[in-house]
Amino acid sequence: MKPGHGEVLLAEGDRRIAEDEERLIAAFRAQLDEGMWAAVPTTNGGSGRREAQMVKEYAQIPADAERVIFFPRASGG
Amino acid sequence: MLLALLVLAFIALVLAAPILVREARSWRERRAERSGAAASDPLDLEIYDPGRERRAEQRARELLRSCVNDEEWSMYRDLGFIRVAGRHARRKTDRGPGPAYAYLVYPHKPVVAYVPSSGQLLSEYCVEFPDMTGASGGRHRLPASDDVLAKWMALTSDEDRVIRRANMHLVGRQLDPARVRRDLWRLAEWERRRHRRGRIPQSSR
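Just so you know, the protein sequences line up as chains A and B, in that order. The number in the working numbering is simply the position in the first sequence, starting from 1, with 16 added. The number in the working numbering is simply the position in the second sequence, starting from 1, with 372 added.
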C-alpha cells in the first residue's frame, strides 16, 4: 500500500524457482528497510476467522501464502 | 594602409578564435542547462490526475474485500466501518462466547474500543500510517479502504504493538461519542437484519 496511490505490485514470482525467490527476497528486504510492515492475510485454522499475520523475515512467510502486503508502520495520530 | 589593417584584423581574429570558441561552447552549455532545468520542472511537479484517487480507492476496496471475511466486508460496505474483536480477556467472566471488548475501525479516524455486551465506550486510539518514503513530503495518505485494511491487519496480527504505538484518549477527543453510539446502534440493527435474512431461507426449506 502506497500513500497517494493505493495498491502497487512490487514483485511476483514462484517461490519454488530460485531466481524468482531471490527477486522476492530482495523486494521483501527493500520494503522492510524502508520501514514498512509486512503482513500476510490468513485464515485462522481453529476459528476459521480471517486475520493477518505480521512477518518480520522472509522465512516467516507461510509456504502457502499467496501474497505479502506491505504497509506503512503505525504511529500515533 | 587598408591592406595592413585587414591583415591586422585577420591576425587578431585568428588569435582570438580559441577564446571565442571556448566562450561560445560554455554559453551553449549554460543555455542547455537552463533549458534542461526549465524542461524538467514541469515533470517534477506532479500533474493532478482527478481519477487517480478514485482508482486507488477502487483498488483498495478490492484488496480489502479479498482480505477480510464476508461479514466484515458487508459491514464496511453498508456501514462504513469494521468491527474487530479484541484478543485479550481480562477476567474469567470475560471468557464468554463473544469478545470482552472490540474495536470499531473507521477510515482516517481513530479506532474506538468498546464493550460489545454493554455498548460502553472505552477509549479512542489515534493511529496513522504515514508516508515512509518521504518523497511526497508526507502529503499523501492511504486511500480510505487501505487505511481500514492497515488497521485491520495491525489489530488482528499484533494488537498490542499497534495499541502501544497509538495515542490513547477518552472517547470524545476526535470522535463524537453520540455518533459512535449511533454507529453501535446501526451495527446492532444491521446484524439483526442480516441474521433475519439469513434465517428466512432456512425456515422456507
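Treat each hint with caution, since some may be false.
Said to hold, decoys possible - Computed from the model, here is a short list of chain A residues facing chain B with C-beta under 8 angstroms:
1. Met17
2. Gly22
3. Ala34
4. Gly61
Claimed, not checked - Derived list of chain A stretches under chain B, where covered just means 3 residues or more per stretch with a C-beta under 8 angstroms from a C-beta of chain B:
5. 66 to 79
6. 82 to 92
The hints are simulated quantities; they were obtained by calculation from the structure and are not laboratory data. In this text, a Cβ means the ideal position worked out from N, Cα and C, and glycines have one as well.
Checked hints:
1. The restraint placing A:Met17 at the interface with chain B holds, with a minimum CB-CB distance near 5 angstroms, inside the 8 angstroms limit.
2. For the restraint placing A:Gly22 at the interface with chain B, the shortest Cβ-Cβ distance is roughly 3 angstroms, inside the 8 angstroms limit, so the hint holds.
3. A least Cβ separation of about 28 angstroms between A:Ala34 and chain B goes past the 8 angstroms threshold, and the interface hint is therefore violated.
4. Among the interface hints, the one on A:Gly61 is violated; its C-beta lies about 14 angstroms from the nearest C-beta in chain B, farther than the 8 angstroms criterion.
5. As drawn, the segment 66 to 79 of chain A meets chain B at 5 residues by the rule of a beta-carbon pair under 8 angstroms; at three or more, the given contact holds.
6. Only residues whose C-beta sits within less than 8 angstroms of a C-beta in chain B count toward coverage, and the segment 82 to 92 of chain A has 7 of them, enough to reach three; the restraint holds.
In terms of the numbered hints stated before, the structure departs from hints 3, 4, listed from lowest to highest.
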